[in-house]
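Undergrad: Numbers 1 to 305, taken from the working numbering, label the letters of the sequence shown in order.
All the given hints hold, so there is nothing to weed out.
Straight-line C-alpha distance at most 20 Å; calculated EDC-like pairs for lysine to aspartate or glutamate:
hint	residue 1	residue 2
1	249	176
2	249	169
3	235	204
4	249	177
5	144	89
6	235	190
7	144	83
8	249	195
9	249	261
10	235	205
11	88	228
12	235	116
13	249	190
14	144	93
15	88	142
16	235	195
17	249	264
18	144	81
19	88	116
20	249	182
What follows is a set of in silico ranges between Cβ atoms, one per label pair, in the way DEER data are often shown:
hint	residue 1	residue 2	range
21	162	101	23 to 33 Å
22	117	180	26 to 36 Å
23	199	108	40 to 50 Å
24	199	105	33 to 43 Å
25	250	95	37 to 47 Å
26	200	89	35 to 45 Å
27	140	102	16 to 26 Å
28	140	177	48 to 58 Å
29	82	205	51 to 61 Å
Since the hints were made in silico from the structure, they are not lab data. Every residue gets a Cβ at the ideal spot worked out from N, C-alpha and C, and that includes glycine.
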Amino acid sequence: MRTASAPELSRRAVLLGAAGVAGVGLLGACSSSSETSTGTAGSTPGSAAPKATGPSLIAVFDPNALAVVNTPTRLPFAVGDADGVATKDGPNELTFTVVTAGGPIGDPIVVPRHNEGIPIGYYPVRFTPTTTGAHTARTVIDGKELEQTFMVSATSPTDLVLPGQQLRDVATPTFDDPLGTDPICTRQPECPLHDTSLTTALADDAPIALLFSTPAFCQIGVCGPTLDLFIAEQKNHAGTQFIHCEIYKTAPTSGPVSLVDAVESFGLTYEPALYVATADGTVTERLDNVFDASEIRQALGTASA
1 MRTASAPELS RRAVLLGAAG VAGVGLLGAC SSSSETSTGT AGSTPGSAAP KATGPSLIAV
61 FDPNALAVVN TPTRLPFAVG DADGVATKDG PNELTFTVVT AGGPIGDPIV VPRHNEGIPI
121 GYYPVRFTPT TTGAHTARTV IDGKELEQTF MVSATSPTDL VLPGQQLRDV ATPTFDDPLG
181 TDPICTRQPE CPLHDTSLTT ALADDAPIAL LFSTPAFCQI GVCGPTLDLF IAEQKNHAGT
241 QFIHCEIYKT APTSGPVSLV DAVESFGLTY EPALYVATAD GTVTERLDNV FDASEIRQAL
301 GTASA
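Can you make the complete structure from the sequences, with help from the hints?
TA: So this is what it looks like as structure tokens:
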């Protein structure tokens, strides 16, 4: 996991440096409160996660690089246990407030816990920021106020594809043309969603669902279950083109490795990531870092044929 000061790193360095550490996010994140509680979604290889004194709030996203002003934003948070490890359980719901230096913005946001089909529970906070700069998400767990600070940028620092924008016309590896990717799918057995390249799908008059994930190199086990949930939904969306794209051209275990070109093109510094788009390629929903079966169903419904 990289630290909060690392947005300057290239996405290649970030993804490769975090290979196999924690698939829900590539950023170590600390929570703070008047009683000082910290938590991480993972840790930098060779480092130890800080010891928490009680429940902690974990930002399962890069707080420096995800939120963009005037853009619908989804920020997933998890609850950490006494060791700072994200748990599957937690309160059935949490109430968040988002504040800036000028005070609270908007109404409190009540967020139910999500954990359908995945090994951790999380709380996706959705809002549309209207100003740039530092923002803080606050909630109360077991009587303790916890918070996470994140930045809202004028544009995406890593050039992510945002909701309302077009999918980028870039080839994704297929069984017929793996584009140097080996293995083309790290799921066992490999999944069937590598028949169609994104470039081909964009030329067809049908919605697109594109999942970036690497099941084999996701130590906390989110990416594999996420892909399985994605595959299971295909039968319910016969008119939608489903595509899975791996992250690495070669296994990031030893020696030089590189990212799949589409990962670079989409500006991704994390995985998994799900893009859902209408037939003309307009993104209707993007899910980042961690998402469960219910959010996948909701996302797919935004662009159904």
